[in-house]
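Participant: For what it's worth, our numbering labels the leading residue of the sequence shown as 1499, then goes sequentially.
Since the hints were derived computationally from the structure, they do not count as laboratory data. Any given hint could turn out to be false.
As the list claims (entries may be wrong) - Dumping the calculated DSS-like pairs for lysine-lysine here, alpha-carbon to alpha-carbon at most 30 Å:
{"id": "1", "residue 1": "Lys1650", "residue 2": "Lys1531"}
{"id": "2", "residue 1": "Lys1504", "residue 2": "Lys1531"}
{"id": "3", "residue 1": "Lys1613", "residue 2": "Lys1658"}
{"id": "4", "residue 1": "Lys1626", "residue 2": "Lys1555"}
{"id": "5", "residue 1": "Lys1508", "residue 2": "Lys1570"}
{"id": "6", "residue 1": "Lys1626", "residue 2": "Lys1607"}
{"id": "7", "residue 1": "Lys1584", "residue 2": "Lys1570"}
{"id": "8", "residue 1": "Lys1531", "residue 2": "Lys1649"}
{"id": "9", "residue 1": "Lys1570", "residue 2": "Lys1613"}
{"id": "10", "residue 1": "Lys1626", "residue 2": "Lys1564"}
{"id": "11", "residue 1": "Lys1561", "residue 2": "Lys1650"}
{"id": "12", "residue 1": "Lys1504", "residue 2": "Lys1570"}
{"id": "13", "residue 1": "Lys1584", "residue 2": "Lys1649"}
{"id": "14", "residue 1": "Lys1564", "residue 2": "Lys1607"}
{"id": "15", "residue 1": "Lys1504", "residue 2": "Lys1564"}
{"id": "16", "residue 1": "Lys1607", "residue 2": "Lys1531"}
{"id": "17", "residue 1": "Lys1570", "residue 2": "Lys1531"}
{"id": "18", "residue 1": "Lys1626", "residue 2": "Lys1613"}
{"id": "19", "residue 1": "Lys1561", "residue 2": "Lys1607"}
{"id": "20", "residue 1": "Lys1531", "residue 2": "Lys1508"}
{"id": "21", "residue 1": "Lys1561", "residue 2": "Lys1504"}
{"id": "22", "residue 1": "Lys1613", "residue 2": "Lys1649"}
{"id": "23", "residue 1": "Lys1584", "residue 2": "Lys1555"}
{"id": "24", "residue 1": "Lys1508", "residue 2": "Lys1564"}
{"id": "25", "residue 1": "Lys1658", "residue 2": "Lys1584"}
{"id": "26", "residue 1": "Lys1584", "residue 2": "Lys1531"}
{"id": "27", "residue 1": "Lys1626", "residue 2": "Lys1649"}
{"id": "28", "residue 1": "Lys1658", "residue 2": "Lys1626"}
{"id": "29", "residue 1": "Lys1555", "residue 2": "Lys1531"}
{"id": "30", "residue 1": "Lys1607", "residue 2": "Lys1584"}
To be verified - Using C-beta positions, here's what the derived DEER-type ranges look like:
{"id": "31", "residue 1": "Thr1662", "residue 2": "Thr1580", "range": "25 to 33 Å"}
{"id": "32", "residue 1": "Asn1581", "residue 2": "Ile1517", "range": "47 to 55 Å"}
{"id": "33", "residue 1": "Pro1550", "residue 2": "Ile1518", "range": "24 to 32 Å"}
{"id": "34", "residue 1": "Thr1662", "residue 2": "Gly1525", "range": "17 to 25 Å"}
{"id": "35", "residue 1": "Ala1514", "residue 2": "Asn1581", "range": "18 to 26 Å"}
{"id": "36", "residue 1": "Lys1649", "residue 2": "Val1559", "range": "52 to 60 Å"}
All values reported here derive from a predicted model rather than from experimental measurement. Note that the Cβ used here is the ideal one computed from N, Cα and C, for glycine as well.
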Amino acid sequence: MDQTSKTVLKGIGIVAAAIIVLTLVFGSFYTIKEQEQAVVTTFGVPNTVSEPGLHFKIPFVQKVEKVDTTIKGFAIGYDEATNMTKEDESLMITSDDSFVNVDFYVEYKVINPEKALYVSEYPVTILKNIAQSCIRTVVGHNEVYDVITTKKSEIQAEIKERITEELTIQDIGIQLINITIQDAEPPTVEVME
């Protein structure tokens, strides 16, 4: 091997070593914001880190998944982007065999990042399904007049209680913060016909 080949190989070795060192250095730290928590897995074993700030991890051995713990929400019965009614979600039958369109807004937050990430693949979808089931059950046990006017707060409270109980049983790392009736009205003319 001549001197030029040795110099080229030495240069390639130095560049490769520099890339490895930089990858190790920059891959060794992560930051958690104020409204976040992280789940650090070491060889597949999860551990929650909740203190905000700069943290160290072992590159290639530990993996970090950040979870937003702020309060979030979703609508049931209407599309938030277009504000259009989703009749497949909002149309319900009451105990006096009447139809009613009821729109809800559900607020939740992640309280256990490990469970939210690993117990279920889609915890928010599970929450939405639980909420829809509880809503239909409670609305179905009330008369249309009560749903539209006088018993909204009692209906909301009963729905919230049922959802909270079901979330405790499911234990998916999500907590219900609030559920509110946004709108309750008789169905459209097309449905009534």
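Participant: Taking the hints in turn, state whether each one holds.
Facilitator: Against the structure, the hints come out as follows:
About 38 Å separates the Cα atoms of Lys1650 and Lys1531, which puts this hinted pair outside 30 Å; it is violated. With a C-alpha separation of about 48 Å, the suggested pairing of Lys1504 with Lys1531 is violated against the 30 Å cut-off. Distance restraint check for Lys1613 and Lys1658: the Cα-Cα separation of roughly 21 Å lies within the 30 Å cut-off, and the hinted pair is therefore satisfied. Between Lys1626 and Lys1555 the alpha-carbon distance is near 35 Å, which puts this suggested pair outside the 30 Å criterion.
For the proposed pair Lys1508 and Lys1570, the alpha carbon gap of about 54 Å is over 30 Å, so the pair is violated. Simply put, Lys1626 and Lys1607 have alpha-carbon atoms about 13 Å apart, close enough for the 30 Å limit, and the pair holds. A threshold of 30 Å between alpha carbons decides the hint, and for Lys1584 with Lys1570 the separation of about 20 Å falls inside it, so the pair holds. Annotation: proposed proximity of Lys1531 to Lys1649 is violated, straight-line Cα distance about 41 Å (limit 30 Å).
Of the pairs offered as hints, the one joining Lys1570 and Lys1613 holds, with about 17 Å between alpha carbons and a cut-off of 30 Å not exceeded. Between Lys1626 and Lys1564, the direct Cα distance comes to roughly 22 Å. Compliance with the 30 Å bound is thereby established for this hinted pair. With a CA separation close to 46 Å, the supplied pair Lys1561 and Lys1650 exceeds the 30 Å bound. For the suggested pair Lys1504 and Lys1570, the alpha carbons sit about 60 Å apart, so the restraint of at most 30 Å is broken.
This hinted pair checks out: Lys1584 and Lys1649 have alpha carbons roughly 23 Å apart, not beyond 30 Å. The suggested pairing of Lys1564 with Lys1607 holds, with an alpha-carbon distance near 14 Å, which does not exceed 30 Å. The hinted pair formed by Lys1504 and Lys1564 fails the criterion: a straight-line CA distance of about 45 Å is larger than 30 Å. With a CA separation close to 16 Å, the supplied pair Lys1607 and Lys1531 stays within the 30 Å bound.
Between Lys1570 and Lys1531 the CA atoms are separated by roughly 17 Å; this keeps the pair inside 30 Å, and the hint holds. Between Lys1626 and Lys1613, the direct Cα distance comes to roughly 17 Å. Compliance with the 30 Å bound is thereby established for this hinted pair. In summary, the hint linking Lys1561 to Lys1607 is supported, as the alpha carbons are separated by about 23 Å, within the 30 Å threshold. Between the alpha carbons of Lys1531 and Lys1508 the distance comes to roughly 42 Å, so the proposed pair goes past 30 Å and is violated.
Proposed proximity of Lys1561 and Lys1504 is contradicted: the alpha carbons are some 38 Å apart, above 30 Å. The hinted pair formed by Lys1613 and Lys1649 fails the criterion: a straight-line CA distance of about 35 Å is larger than 30 Å. Straight-line distance between C-alpha atoms of Lys1584 and Lys1555 comes to about 46 Å, which puts the hinted pair past the 30 Å bound. For the suggested pair Lys1508 and Lys1564, the alpha carbons sit about 40 Å apart, so the restraint of at most 30 Å is broken.
Annotation: proposed proximity of Lys1658 to Lys1584 holds, straight-line Cα distance about 21 Å (limit 30 Å). Of the supplied pair hints, the one linking Lys1584 and Lys1531 is violated, its CA atoms being roughly 36 Å apart against a limit of 30 Å. Proposed proximity of Lys1626 and Lys1649 is supported: the alpha carbons are some 23 Å apart, at most 30 Å. With a CA separation close to 12 Å, the supplied pair Lys1658 and Lys1626 stays within the 30 Å bound.
Between the alpha carbons of Lys1555 and Lys1531 the distance comes to roughly 16 Å, so the proposed pair stays at or under 30 Å and holds. With a C-alpha separation of about 24 Å, the suggested pair Lys1607 and Lys1584 falls inside the 30 Å cut-off, and the hint holds. About 30 Å separates the C-beta atoms of Thr1662 and Thr1580, a value consistent with the hinted range of 25 to 33 Å. In this structure the supplied range 47 to 55 Å holds for Asn1581 paired with Ile1517, their Cβ-Cβ distance being about 51 Å.
Remark: the range hint 24 to 32 Å for Pro1550 to Ile1518 is upheld by a beta-carbon distance near 30 Å. Checked against the hint of 17 to 25 Å, the C-beta distance between Thr1662 and Gly1525 comes to roughly 40 Å, which is inconsistent with it. The hinted range of 18 to 26 Å is not satisfied by Ala1514 and Asn1581, whose Cβ atoms lie roughly 56 Å apart. The beta-carbon spacing between Lys1649 and Val1559, approximately 56 Å, falls within the hinted interval of 52 to 60 Å.
The structure fails hints 1, 2, 4, 5, 8, 11, 12, 15, 20, 21, 22, 23, 24, 26, 34, 35 (numbered hints given earlier, in ascending order).
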